[in-house]
Amino acid sequence: MSASETRPAVEVSGLVKRYGSTTAVDGLELRLAHGKVLALLGPNGAGKTTTVEVCEGFLRPDAGRVRVLGLDPHADSGELRPRIGVMPQGGGAYPGVRAGEMLKLVASCAANPLKPDWLLDVLGLTNVLKTPYKRLSGGQQQRLSLACALVGRPELVFLDEPTSGMDPQARRLVWDMVAALRADGVSVLLTTHLMEEAETLADHVVIVDHGRVVAEGSPAQLTTEDPDCQQLRFKARAGLDTSLLTAALPEGCHVAEAASGTYIVTGRVDPQVVSTVTAWCAQQGVLAEELHVGRRSLEDVFLELTGRELR
Amino acid sequence: MLLAHARTETRLTLRNGEQILLTLLIPIALLAGFTLIDIISLPEPRVDSVVPRIFALAVMSSAFTGQAIALGFDRRYGVLKRLAATALPRWMLVGGRVLAGLTVVAIQLVVLGVLAIALGWSPSLPGVLWSIALGVLGALTFGALGVLLGGTLRAELVLALANIIWFVLLLAGGIIVRAESMPSGVATIVELLPSGALTEGMHQALNGAGPGWQPVLVLVVWGVLASVVAGRTTRLT
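So the protein lines, in turn, are chains P and B.
Note that the working numbering gives residue 234 to position 234 of the first sequence, counting from 1, and the numbers run on in steps of one.
Note that the working numbering gives residue 14 to position 14 of the second sequence, counting from 1, and the numbers run on in steps of one.
Hints are supplied without guarantee of correctness; some may be wrong.
To be verified - Restraint-style ranges between C-beta atoms, simulated for each label pair:
no., chain 1, residue 1, chain 2, residue 2, range
1, P, K134, B, E180, 42 to 48 Å
2, B, T233, P, G45, 25 to 31 Å
3, P, S137, B, T233, 32 to 38 Å
4, P, L129, B, N163, 55 to 61 Å
5, P, G70, B, L14, 40 to 46 Å
6, B, F167, P, Q169, 34 to 40 Å
What the hints assert, rightly or not - Not the full set, but computed from the structure, chain B residues with beta-carbon under 7 Å of chain P:
no., residue
7, T8
8, Y77
9, V114
10, R235
FYI, nobody ran anything at the bench for these hints, they're computed from the structure.
Beta carbons are placed, not taken as given, at the ideal position from N, Cα and C, and that holds for glycine.
I would like the entire structure built from these sequences, with the hints used as guidance.
Next comes the structure, spelled out in structure tokens:
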């Protein structure tokens, strides 16, 4: 391991960024280890994009220390930019430029670029090589933007909501790309509000809200909780009367219909509890489908920490 | 890098129908129209008075209006941020656009010059050299003004304003009606406009002994002012 590999790829401490009277980022701490994938998770307006743009050198922090590959992203921008790949939120290209032309232009800015044609093929863009950017679908624009971020063989990539506007197939493709980057030793910092994305891709998840870190850890760490707070979920006909079930369950267990037809039993879930639930279902003459005992989902953690109200 | 950037920008301009209309078709139509049809009274040979006006118009059309609109929409589509995030040095981000703008102006002047010669224009060599120098200066000045407009406001607003300003300067800014045929008070103001200065300079360069110091000074002052302000106000998105 060389010295650069033992140092974190991104190190942010006490970051503050204000826009007028609003504080977008308020004392944020972040550390992305070399060769790992970090997901910045948070509701809209939590400060994710601002944080990323400070790391990319687009914005100047009002306070705090930011080091990216050991460099100051603003002062050492010229030295840093050839080593990072950036996928800005919403992509970016000339409205009239053809997909192939755009990637070639970005490739020409790099010292040792990947072959544009190969990258377009991998990302399934070969059939729109000559299509003007403004006529690409949202998902195609996103994939072109990802190609632009990767074509310069970066050591570190910033992906700001990389899969927004993508269909499930394209999303899987991007996830595979991120996994491949990680396997190649590339560090990745991505923002998302998709729990599944964070859970699938990230070594380390940082949940931010109101510009601050509210929780962080590996997906497993974040979703592990004490044994008295497990969940049993199942699906059945909507609107069942759960009062009998509540009475039959041991003390400390609660049952609720979380969504229409989705029931959640919370508490210490042991074999006895599972048996009680299935017996009750049999009494009701319903089949419990997708019965699942386990940890809270990352989404539960997220909603618990950031609240349920709309932003 | 610089050449790849400039080549892409030039190609995009030449591929865009509205840009072609603005930078070539309208100047070509006006050059032929004013030379062949007696719409405004001009001394013979008419083409000698029409060419300086059309050269000035062509430079203003591409460097100002065309540049402003393209920049406005490029910002909307996030291309500046995209390029700013690559290894492309900052000065090249500007340099590529300037080079592309000058290339387009060169193409315009060659096309219009050839057409003018076909219409009976026979310029002197010093006149041609001066007009090229003025064309470059005019392109830089109007380009800076175009960046000032296109780099600051929303794309739709840029589109509207760039076209309105083009139209007003064409009619009242000393291009179609030269400053000398206006009332003296108005003429003084018009000569201080970049459009009036460029037209006067082109006229004196092609039909006199050189562009004269005033048009050059006026263009330089506008260009420097616009560059300084644009440097502070231009935003990537």
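Cross-check of the supplied hints:
1. Distance hint check for P/K134 and B/E180: the Cβ-Cβ separation is about 45 Å, which falls inside the suggested range of 42 to 48 Å.
2. Taken as a hint, the range 25 to 31 Å holds for the pair B/T233 and P/G45, whose Cβ atoms sit roughly 26 Å apart.
3. A hinted range of 32 to 38 Å for the beta carbons of P/S137 and B/T233 is consistent with their spacing of about 34 Å.
4. Separation of P/L129 from B/N163 is about 33 Å and departs from the stated range, judged on CB atoms against 55 to 61 Å.
5. Distance hint for P/G70 and B/L14: a CB-CB separation of about 44 Å, consistent with the stated range 40 to 46 Å.
6. Between B/F167 and P/Q169 the CB atoms are about 49 Å apart, so this pair departs from the stated range of 34 to 40 Å.
7. A hinted interface residue such as B/T8 counts as satisfied when its beta carbon comes closer than 7 Å to some beta carbon of chain P; here the least separation is about 5 Å, so the hint holds.
8. The criterion of a C-beta within 7 Å of any C-beta in chain P is met by B/Y77, whose closest approach is roughly 5 Å, and the hint holds.
9. Given hint, B/V114 at the interface with chain P, is violated; its Cβ is 27 Å from that chain's nearest Cβ, farther than 7 Å.
10. The interface hint given for B/R235 is broken, as the beta carbon of that residue sits about 11 Å from the closest beta carbon of chain P, more than 7 Å.
Hint violations for this structure: numbers 4, 6, 9 and 10, all remaining hints satisfied.
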